[in-house]
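Protein chains in written order, with the working numbering: chain A, 1 to 472; chain B, 1001 to 1123.
One or more hints might be untrue.
Said to hold, decoys possible - According to the in silico footprint, chain A covers these stretches of chain B (three or more CB under 8 Å from chain A): (1) 1004-1015; (2) 1023-1035; (3) 1040-1050; (4) 1065-1076.
Derived by calculation from the structure, the hints in this document are not laboratory data. Backbone N, C-alpha and C fix where the C-beta goes; we use that ideal spot for every residue, glycine too.
As a plain string of letters, each chain reads:
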Amino acid sequence: MLIGISLLSVGGLLAVFCVLIGVWRLASVSTSAYGLRLAGLGLLLAFVVAVLRRFDANAAVSPLTTFNLRLAATALLAGAAVAWWRSRRVPGISHEQRMAWCNGMGAAGVLSVAALELIARSPQGAALFAILAAALLAAISLSGALVTSAKLRGGAGYTVRLSGRPALIGASLLAAIGLGFYIARAAAAGISAPIPYAGLIGLLAGTGAICGLLITLPVIAADLPIAASVGNALTGAAAALLGWVLQIPVLMIIGMVVAGAGTGLAQSSARVLRRSIGDALFWEMSSGPSATRPIDAGNAGMFLRYARKVIVVPGYGLAAAQAHHKLAELINLLLAAGVDVKVAVHPSAGRFPGQLDGLLADAGIAPHLNVQPAEGVDCFSGADIALVIGANDVVNPSAAGIKSLPLFGMSIFNVGLAKTLYVIKRGQGSGFAGIANPTFHGENCSMVHGDAQSVLAEMIEAMKRGELAVAA
Amino acid sequence: MEAPALMIAAFAGWLIVSRAPAILHGPLISGCMFLNAIVVVAGLDILLTAIAPAEQVAGFLTILFGAANAAGGYAVGAESLVKFRAVPRAEPVAPAASVKPRRDRRRSTAPRRKPQPIPAATD
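If we strip away everything but chain A, and leave its shape as in the complex, we get (with noise of 0.2 Å):
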């Protein structure tokens, strides 16, 4: 018998040990597939120990345990086959609109424990608390993934803008935690209240979903990720306490491990897009096209190893720099990692005609990587990534106009159709024509800042080292 629980203890401990070294792996690169999959291993060693720990102890005391048993395999049976049928019904369906619903059946699951415990256990004290903070988060969060998750499906009709929505969610927020006073009272004192136990259960819960519309309901797309972040990081926060009250040892540090994870994610997200996480969920909706977003060379540079096609625009810059055997070195590593690399050079590109083609041709960037005249306009709305080094006017809608431009009459480069842009810049002026670009505060644009070589040089070690240098 006591070897038998040391065993489970071990099990669990061996579960644990799997889904963090996992999400570890997961956070790099080259190890994520594997990381992604020791992770999954930790969760069924915990389920195993899980069912080993309840069978062991009530095989003789309950003549319901076979059944129970048979149970329990149905339901695990029948929720994977629902989210598979699920992911295979709708063709077109996206990876985060799937996720963003994952995340709420996750916190179904929280939901439906806490219930059962409030309902039919009566939990005391401390315990009392944790299970109502657990409802509460957990309803805050399957709300959200039901928003997020038909924003994602339904685009932006789904967004509402409210004023004053500080102002709702605070109050909906005092309102659910007075509530969880209130049951937290009634239930001590055993004070008969107006409406049954089950209703207060149920309003809460109700309180914590309109809590959870509040919040999502006006975020806009671009920071769903971080709303995504979040909810799972409530979710993870829920299940670790329900954990401590039932006495689950795994449950208790994944759901740390998940809680700690969301939010650092939260955090990273939002950095990355120039955010801040309480901007993005409880004050205004959008920061205003006025700011451009910038981005480090090192996470610019991994994005574009890892895209299908890329163009590349040089510009003035690049020759200011002298930064074309960079390039040369950095458009051989994407070639060696199987992406499409083209490089558009504009008639007008440089101070002077030809300048451009004589420094790609002396750092021996191969002639039919160019981008045909004919093309050169339109080709950008099939890429995935479009890198303007230095160049500004020849990507400039608003330059082309303008007569005493060398640039007079020629078509720009419409960089701002590639599905993401990133612009190396040295600074925040704009180019020979002085005419500020409207594409750079684009929601697909991101700056990296700073001169040509370096930024170029930083990229092609992030690229090879398929890690960033320093922490983001």
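Dock chain B against the given chain A, drawing on the hints supplied.
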């Protein structure tokens, strides 16, 4: 005794994801969602000790939802990682040799040469 262990667990999760490159944020978010399926453990615990119908129902529902989370989350996570697996790890080719047919012929006949040093810019 529990509180410090839990803080360490949360900190470990936070630390691990904080140093991840931006390109992995998506897969990591799906990975975390997948891990929320750990709630199945609570469902199993309740269902396997259940004596009342309420416990059976709650345990069944929890396992059902959790299993959907697990299966869906794993599938989504694996899909978002496909692009990292399918990349050939080839050596960079020399700039002059990047015209395809010629490179293929040269590789099959002659030993692979290092990229030629490129002459420095004149200006």
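How the hints compare with the structure:
1. 1004-1015: holds (count 10)
2. 1023-1035: holds (count 13)
3. 1040-1050: holds (count 11)
4. 1065-1076: holds (count 12)
In the structure shown, no violation is registered for any of the earlier numbered hints.
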